[in-house]
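Protein chains: 2
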Amino acid sequence: MDINKFVKLSLGSWRSQRSAHHLAFGHFEEVTSNIDIEALAIDDERVIQLCKTHDIEPQQATSPFKMSWEGESDWDEDETMSGSTILVPIPDIENLTKGRLLREQGYAETIPSVGEYHIGEDGTFLLITKYDRAAAEEKIWFATSNLRFRVSLIKTSDGKGVTTASFSSEIRSFKK
Amino acid sequence: MDINKFVKLSLGSWRSQRSAHHLAFGHFEEVTSNIDIEALAIDDERVIQLCKTHDIEPQQATSPFKMSWEGESDWDEDETMSGSTILVPIPDIENLTKGRLLREQGYAETIPSVGEYHIGEDGTFLLITKYDRAAAEEKIWFATSNLRFRVSLIKTSDGKGVTTASFSSEIRSFKK
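For the protein sequence lines, the chains are A and B, in the order given.
First residue of the first sequence? That's -18 in this note's numbering, and the numbers climb one at a time after it.
First residue of the second sequence? That's -18 in this note's numbering, and the numbers climb one at a time after it.
It is worth saying that the hints were derived from the structure and are not from the lab.
From a predicted model like this one, the values you see are computed outputs, not experimental measurements.
Be aware that one or more of the hints could be misleading.
Remember, identical chains collapse to one label, so a pair may be satisfied in a single copy or spanning two.
Said to hold, decoys possible - Simulated crosslink set (DSS-like; lysine-lysine; CA at most 25 Å straight-line):
id, residue 1, residue 2
1, K141, K(-14)
2, K79, K(-11)
3, K47, K141
4, K141, K33
5, K33, K79
6, K141, K(-11)
7, K47, K(-11)
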């Protein structure tokens, strides 16, 4: 498994069930959402801009994509959460299983982020992103080509404590 | 990481938050429980009996343990779910990262089971158990020495479809 294959497998529309565990309080949160993942052209202006923001040559990018989501939490049923972001993998030279992932808008904080990814021998995609006041760790893996799982941890900035752990089951609803 | 170290890290009492995703219906289930994991002596009569049930020499066993749980589901708040089981690892000769796990009482069906385990390079314990009408896959890993995560899948017997995916966050409440 390399980053190009992983992104290709991820393209399409997904129906997601997400459970968040707020560990200090033992609280559960349930989120249901639809996620769309679509490929972007390597010369898309938004991809080039994001690379430039991080002083990276756009030629180093591979398989850029856009992720959009629209969901509802049982904590606030009246409000729909929605958003979208551009993601651009920058693999290590000659090693597509490791590299950086540029993100227009981060997960734990809404500022641009750069994560470090690594794809393990079992095909699990691991992404670690450090923010000013927190760190995020995501593991994503495919059970079948139409079912993927995601475990996301929000950690304290030293990376030692975990404040929130969440688990998503994502079922493909439409292949692009 | 090998099986002896993994069992040792697991000993103690854990407070567990578990979310089950029933995939066909998009249902969520929330379970809160306390789990106790205690070491058993290698010559404990229950360990020897379990080995004999499976025609395995008891000398092949290592780090046997007992797991007990008591929990409540939001699907049936009036009833407490509780139980206990004996587990006996039988590592492959000269390779403690792979082997079989004997279980007095299975997860998906309440009959004795034998699973195949494998501990990956990142320390994740993977257990695959085949039953007559289903298969179970469990991944367990430690985020810190006091926090472990578990993803459990119930699969169709051919191992291709997933009917239920659940995620547990287990926080150590007491170290034995």
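Each hint, compared with the structure:
1. For a Cα distance limit of 25 Å, the shortest separation of K141 from K(-14) across copies, 21 Å, qualifies, whereas the shortest one inside one copy, 32 Å, does not.
2. Taking the shortest Cα distances, K79 and K(-11) sit within 25 Å of each other inside one copy (16 Å), while across copies they are farther apart (32 Å).
3. For the identical chains of this complex, K47 and K141 are neighbours neither inside a copy (31 Å) nor across copies (29 Å), given an alpha-carbon limit of 25 Å.
4. Taking the shortest Cα distances, K141 and K33 never come within 25 Å of each other, neither inside one copy (32 Å) nor across copies (43 Å).
5. Proximity of K33 to K79 under the C-alpha cut-off of 25 Å is restricted to the intra-copy arrangement: shortest distance 21 Å within a copy versus 47 Å between copies.
6. In this homomeric assembly, K141 and K(-11) come within 25 Å of each other (Cα to Cα) only across copies, at 21 Å, whereas the closest approach inside a single copy is 33 Å.
7. In the homo-oligomer, the alpha carbons of K47 and K(-11) lie at most 25 Å apart inside one protomer (12 Å), although the nearest pairing across protomers, at 44 Å, exceeds that limit.
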